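Novice: Listed below, chain by chain, are the residues.
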Amino acid sequence: MSRGLPTPQRPVLAPGRARLLLTLFRKEVKRLQRNPAALMAVLLLVLMSVLVSIEARPEAPSGRRAAAQACVIAHGPGDELAAYLARHAGERLPVRFLEVPDPRRLRYPRGLPCAAEIVPVASAGAAAPERRRIVFRYDGDRARAERLARWVLAGMAAQASGASIEQAMEPFAAGHGLDQRGLGQVNLSAGKTRALVGTVLIYSALFFVCCAMFISFSAHERERGIAQALALTPAGPTMALFAKLIFHLTLGAGACAVMLAVLAPWMLVSPVAWAILLTTALGLLSVAALVVSFTRTQTAASLVGFSYLMGVGAVFALSGSFPAFGYVRALMFEHHALAALAALFEPELKASVATLLESLLGMALTVPMLLIVSVLVWRKRAWTHG
Amino acid sequence: MIEIRDLSIRFGPYRAVDGLDLTVAAGELFGFLGPNGAGKTTTIRALTGALSPSSGTIRVAGCDLPRQFRALKPKLGYIPDLDTHYEDLTGRENLRLYARLRGVDPDAVPAWLAKVELSEAADLRVKSYSRGMKKKLLIARELLHAPVALFLDEPTANLDRHSIGLVHGLLREQAAAGTTIFLTTHDMDEVDALCDRVALMRRGRLLALDTPARLVAAHAQRWCDLQVERDGRTERLSVRLEDADARAGAAALLREHAHVRIHTREPSFEQAFRELTREAAA
Chain R
2 MSRGLPTPQR
12 PVLAPGRARL
22 LLTLFRKEVK
32 RLQRNPAALM
42 AVLLLVLMSV
52 LVSIEARPEA
62 PSGRRAAAQA
72 CVIAHGPGDE
82 LAAYLARHAG
92 ERLPVRFLEV
102 PDPRRLRYPR
112 GLPCAAEIVP
122 VASAGAAAPE
132 RRRIVFRYDG
142 DRARAERLAR
152 WVLAGMAAQA
162 SGASIEQAME
172 PFAAGHGLDQ
182 RGLGQVNLSA
192 GKTRALVGTV
202 LIYSALFFVC
212 CAMFISFSAH
222 ERERGIAQAL
232 ALTPAGPTMA
242 LFAKLIFHLT
252 LGAGACAVML
262 AVLAPWMLVS
272 PVAWAILLTT
282 ALGLLSVAAL
292 VVSFTRTQTA
302 ASLVGFSYLM
312 GVGAVFALSG
322 SFPAFGYVRA
332 LMFEHHALAA
342 LAALFEPELK
352 ASVATLLESL
362 LGMALTVPML
372 LIVSVLVWRK
382 RAWTHG
Chain S
298 MIEIRDLSIR
308 FGPYRAVDGL
318 DLTVAAGELF
328 GFLGPNGAGK
338 TTTIRALTGA
348 LSPSSGTIRV
358 AGCDLPRQFR
368 ALKPKLGYIP
378 DLDTHYEDLT
388 GRENLRLYAR
398 LRGVDPDAVP
408 AWLAKVELSE
418 AADLRVKSYS
428 RGMKKKLLIA
438 RELLHAPVAL
448 FLDEPTANLD
458 RHSIGLVHGL
468 LREQAAAGTT
478 IFLTTHDMDE
488 VDALCDRVAL
498 MRRGRLLALD
508 TPARLVAAHA
518 QRWCDLQVER
528 DGRTERLSVR
538 LEDADARAGA
548 AALLREHAHV
558 RIHTREPSFE
568 QAFRELTREA
578 AA
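Protein sequence lines correspond, in order, to chains R and S.
Residues 2 to 387 in the numbering used here are what the first sequence lists, from first letter to last.
Residues 298 to 579 in the numbering used here are what the second sequence lists, from first letter to last.
Don't read these hints as lab results, they were simulated from the structure.
Model, not experiment: these values are computed from the prediction.
What you were told as hints is all true, and nothing was included just to trick you.
Taking CB as the label site, the calculated pair distances span:
{"id": "1", "chain 1": "S", "residue 1": "Pro-363", "chain 2": "R", "residue 2": "Phe-326", "range": "41 to 49 angstroms"}
{"id": "2", "chain 1": "S", "residue 1": "Gly-359", "chain 2": "R", "residue 2": "Gly-327", "range": "57 to 65 angstroms"}
{"id": "3", "chain 1": "S", "residue 1": "Asp-404", "chain 2": "R", "residue 2": "Val-30", "range": "15 to 23 angstroms"}
{"id": "4", "chain 1": "S", "residue 1": "Asp-404", "chain 2": "R", "residue 2": "Thr-251", "range": "25 to 33 angstroms"}
Here are some chain S residues the structure puts well away from chain R; computed CB gaps all over 12 angstroms:
{"id": "5", "residue": "Ala-515"}
{"id": "6", "residue": "Arg-558"}
{"id": "7", "residue": "Pro-564"}
Positions of the beta carbon are idealized from the N, C-alpha and C atoms, including for glycine.
Turn these sequences into a full structure, and let the hints steer you where they fit.
Specialist: Next up, the structure:
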């Protein structure tokens, strides 16, 4: 039966913290390697960003195609200024005129470099001079829109109609490439849309790696009693959590780095961008740790994780209509994280500095608190089985 | 090695363990028995730091629980009644992981794999192991670091006779080396064969505490099983040999009818266990 070999070894020295962390980190890496489905899901998200990048590239604002495309001047029926401009349009600045009942509601075709919306404004009385509001819109290449504005305003001066105007220079609204046929026509080359898609892709990758994958791996350990077995080693539950945090942060950062390299390479060297990404990842990991701490089985943890995602969506949706949910949203790190990510992707970063600072402050207030709570709860609950 | 004084563990109004007093010496093979719901697993969970007592004290290897659990846990081994392995890793990788976490040289792993007869399956993922193989891997894992106290919940469930013998040999060897072994099991033959002393629990209370031999002598009885031919039919009868009237009746029966089979049953620990739990229920 027993061969009398080997002699059990009493540990000479308890392994140091760095060694324990490294061992647990390697274990997480090995588990990921042995779960190709999880790895494939991460790669799929990265691949999506590559596809978005390829889709957006041919119509980049600096490209020749964009330069050759005509800008649009949208105007109401019988607009005299538009008629004047149409008569004097030349080849140096190609423009197209579009007569629509309400130019403000116009959905622009994809890839449009710039546009001007001429909207008559109601005058105080019949004797009052004619008034117009002209909004110049641009997509990345603001200089082109400024040339259009100079030409329109020069035409107005030459027309000498005596009408007064209000003018504004604004980027196209997010998702302006959408037409009535729906998402199939999203203009990914538009700056706002790219910002929106980039934010969603990066957040999805972080959510998958730092929340969904963390919950799945850790809840499995808890349900099978592995967490309890680990807790009886010198590593303990806190060390196991820290190793997980480091592993998921590393994986999330890696996925984000690849996605940023194709979506927005300038962000790769931006400390602010990395601060936002890592804080967002920590927030998501804290939520995941809490979910695992309060659920005993993998199925329950997955369901709670899904409910969390739906809950966040519901608060976001309701906050537009109900002020109370707006307050709740302001307390959620997810709100600040998404706003910060969107601000980072904005083509005009200067315009979004205030949003960025506000979001960073929001994250700095919410994420550390959430992290501390999750570590405390994890130490107390997340390693016990049954 | 293990001292439990007036231990009570309550879940709301339910008392899972009620006033338990117990002392287990170093190097002792101790059986902790009882029917389902007796409080065995709850006690083991308290001894392994997973539960805090409602009242009373627990000392293991000189450490007060749960206060000094952090100092104690590297010296403990715990084999639960489920397979706590990473099933996507191989047997070797699982053992190496725990060896590194416990500060044991990972080079000791192949010898342990050989000892539990898993060398050939060492590089297969644990998910492909049978339940018996998983149990043996678990035992090797929890013995790697030479714990001073080893807690086992159903250590030989799902094992074949050969593997049971192997595990019993390992446990005896560990006990001889000074490890205190505290096990729960429903296999009474295992208790009889393995344990130095036994505690019997029922509804959270200690019913009996002694060696298996003394418990058998005090509570088990000898029986005689008879088969006789009567009116062309075979009748079966069990007679308690301590009962003089029953003995006389059996003798008369054997005189009057042709017997087919007579078999005496020696008192066993299982009988003693049944008798004790039956007495307590009455």
